[in-house]
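Participant: Hey, can you work out the whole structure from these sequences and the hints?
In order, the protein sequences belong to chains A and B.
When we follow this note's numbering, the leftmost residue of the first sequence carries the number 1, and every step to the right adds one.
When we follow this note's numbering, the leftmost residue of the second sequence carries the number 1001, and every step to the right adds one.
Keep in mind the hints are simulated off the structure, nothing from the lab.
Some clues are possibly wrong.
As the list claims (entries may be wrong) - Taking CB as the label site, the calculated pair distances span: (1) A:Arg-63 to B:Thr-1005: 28 to 36 angstroms; (2) A:Thr-20 to B:Trp-1110: 30 to 38 angstroms; (3) B:Pro-1039 to A:Thr-5: 14 to 22 angstroms; (4) A:Met-11 to B:Arg-1044: 19 to 27 angstroms; (5) A:Ser-28 to B:Trp-1110: 34 to 42 angstroms; (6) A:Pro-115 to B:Thr-1070: 47 to 55 angstroms; (7) B:Thr-1102 to A:Asn-67: 14 to 22 angstroms; (8) B:Trp-1110 to A:Gln-8: 42 to 50 angstroms; (9) B:Met-1041 to A:Asp-26: 13 to 21 angstroms; (10) A:Ser-41 to B:Ser-1084: 18 to 26 angstroms.
Said to hold, decoys possible - As a list, the in silico DSBU-like pairs of lysine-lysine whose alpha-carbon atoms are at most 35 angstroms apart: (11) A:Lys-114 to A:Lys-73; (12) B:Lys-1009 to A:Lys-114; (13) A:Lys-3 to A:Lys-16; (14) A:Lys-102 to B:Lys-1014; (15) B:Lys-1009 to A:Lys-3.
To be verified - Chain B is nowhere near these chain A residues, computed Cβ spacing over 10 angstroms in every case: (16) Thr-7; (17) Met-11; (18) Phe-12; (19) Glu-17; (20) Asp-22; (21) Thr-24; (22) Ser-41; (23) Gln-57; (24) Ser-65; (25) Gln-69; (26) Lys-70; (27) Arg-72; (28) Ser-74; (29) Gln-107.
Idealized CB from N, CA, C, for every residue including glycine.
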Amino acid sequence: AQKITQTQPGMFVQEKEAVTLDCTYDTSDQSYGLFWYKQPSSGEMIFLIYQGSYDEQNATEGRYSLNFQKARKSANLVISASQLGDSAMYFCAMRAYNQGGKLIFGQGTELSVKP
Amino acid sequence: NAGVTQTPKFQVLKTGQSMTLQCAQDMNHEYMSWYRQDPGMGLRLIHYSVGAGITDQGEVPNGYNVSRSTTEDFPLRLLSAAPSQTSVYFCASSYGAGSGNTIYFGEGSWLTVV
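Facilitator: Right under this line is the structure:
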């Protein structure tokens, strides 16, 4: 069975500092994708970054990067130069090609950026 | 997320009432799905579809029905609402079901069952 684990219910970071949000996953599939979504207090799900299981390089999107360690089954999100607007819930999710496209979510990490 | 449209955004139902949450996308996506999000939790898959005429159950399908008569629309039906179905519902779509396809979410529908 597939599973996503986010062990940090809440995190605090000082504005302009970097922060790492942890995500570990479990799957027996060889072909899968890992996603990070941001959910602000307004509720919408905002796609941040994607990493494929066969991608050799870590994904980056602006201030977001994904630290992908396949052997350890971890896909941590790194946010550089935190901004006040980064305060939100962050969800890690996984989708395996052979699982009918099902997207499995972790329980989320609430990030608070302090001025 | 302008490509995935959910209606209504807010709804209050009485126990036992039925209703349909609408989801439409204009991106010609084959894959569509419905999730629910309860307080303090991640999203859980209710039902999904890999194309018109094809649907399947997700993690928490009980109490919900779906159908997919067109590529664009994927309505979620609550046949007899229960307080346990109070939640935020998200519809999502993607071009395919493969791991590399970007997944787009609607803005969510807040449902309260009293």
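Participant: Taking the hints in turn, state whether each one holds.
Facilitator: Hint check results:
As the Cβ distance of Arg-63 (chain A) to Thr-1005 (chain B) is approximately 29 angstroms, the hint placing it in 28 to 36 angstroms holds. A C-beta distance of roughly 32 angstroms is found between Thr-20 (chain A) and Trp-1110 (chain B), which places it inside the suggested range of 30 to 38 angstroms. Here the CB-CB span from Pro-1039 (chain B) to Thr-5 (chain A) is close to 19 angstroms, well matched to the stated 14 to 22 angstroms. Checked against the hint of 19 to 27 angstroms, the pair Met-11 (chain A) and Arg-1044 (chain B) passes, with Cβ atoms roughly 23 angstroms apart.
In this structure, Ser-28 (chain A) and Trp-1110 (chain B) meet the distance hint of 34 to 42 angstroms, their C-beta atoms being roughly 36 angstroms apart. Restraint check, Pro-115 (chain A) to Thr-1070 (chain B): a C-beta distance of roughly 49 angstroms satisfies the suggested window 47 to 55 angstroms. A beta carbon spacing of about 21 angstroms between Thr-1102 (chain B) and Asn-67 (chain A) agrees with the range 14 to 22 angstroms that was offered as a hint. One distance hint, 42 to 50 angstroms for the beta-carbon pair Trp-1110 (chain B) and Gln-8 (chain A), is violated here, with the actual separation near 26 angstroms.
The hinted window of 13 to 21 angstroms between Met-1041 (chain B) and Asp-26 (chain A) holds, with their beta carbons roughly 18 angstroms apart. The beta-carbon spacing between Ser-41 (chain A) and Ser-1084 (chain B), approximately 24 angstroms, falls within the hinted interval of 18 to 26 angstroms. For the hint linking Lys-114 (chain A) to Lys-73 (chain A), the alpha-carbon distance of about 30 angstroms falls within 35 angstroms, and the restraint holds. With a CA separation close to 31 angstroms, the supplied pair Lys-1009 (chain B) and Lys-114 (chain A) stays within the 35 angstroms bound.
A hinted pair counts as satisfied when its Cα atoms are at most 35 angstroms apart, and Lys-3 (chain A) with Lys-16 (chain A) qualifies at roughly 32 angstroms. Distance check on the hinted pair: Lys-102 (chain A) and Lys-1014 (chain B) sit about 31 angstroms apart at the alpha-carbon level, within 35 angstroms; holds. Taking the CA atoms of Lys-1009 (chain B) and Lys-3 (chain A), the gap is about 30 angstroms. The hint holds against a cut of 35 angstroms. Every beta carbon of chain B lies more than 10 angstroms from that of Thr-7 (chain A), the smallest distance being close to 13 angstroms; the non-interface claim holds.
The beta carbon of Met-11 (chain A) is kept farther than 10 angstroms from every beta carbon of chain B, the shortest such distance being approximately 15 angstroms. With a minimum CB-CB distance of about 18 angstroms to chain B, Phe-12 (chain A) clears the 10 angstroms threshold, and the non-interface call stands. Here Glu-17 (chain A) stays apart from chain B, with its beta-carbon at least about 26 angstroms from theirs, past the 10 angstroms limit. The Cβ of Asp-22 (chain A) sits about 14 angstroms from the closest Cβ of chain B, beyond the 10 angstroms cut-off, so the non-interface label holds.
Every beta carbon of chain B lies more than 10 angstroms from that of Thr-24 (chain A), the smallest distance being close to 14 angstroms; the non-interface claim holds. Remark: the non-interface label on Ser-41 (chain A) is consistent with the geometry, its nearest Cβ contact in chain B lying 12 angstroms away (cut-off 10 angstroms). Every beta carbon of chain B lies more than 10 angstroms from that of Gln-57 (chain A), the smallest distance being close to 15 angstroms; the non-interface claim holds. Every C-beta of chain B lies more than 10 angstroms from that of Ser-65 (chain A), the closest at about 18 angstroms, which supports listing it as non-interface.
Look at Gln-69 (chain A): its CB is around 18 angstroms from the nearest CB on chain B, clear of 10 angstroms, so calling it non-interface holds up. For Lys-70 (chain A), the condition that its CB be more than 10 angstroms from all CB atoms of chain B holds, with the nearest at approximately 13 angstroms. Chain B leaves Arg-72 (chain A) outside its interface by the beta-carbon criterion, the shortest separation being 19 angstroms against a cut-off of 10 angstroms. Every C-beta of chain B lies more than 10 angstroms from that of Ser-74 (chain A), the closest at about 17 angstroms, which supports listing it as non-interface.
At roughly 5 angstroms from the closest C-beta of chain B, the C-beta of Gln-107 (chain A) falls inside 10 angstroms, breaking its exclusion from the interface.
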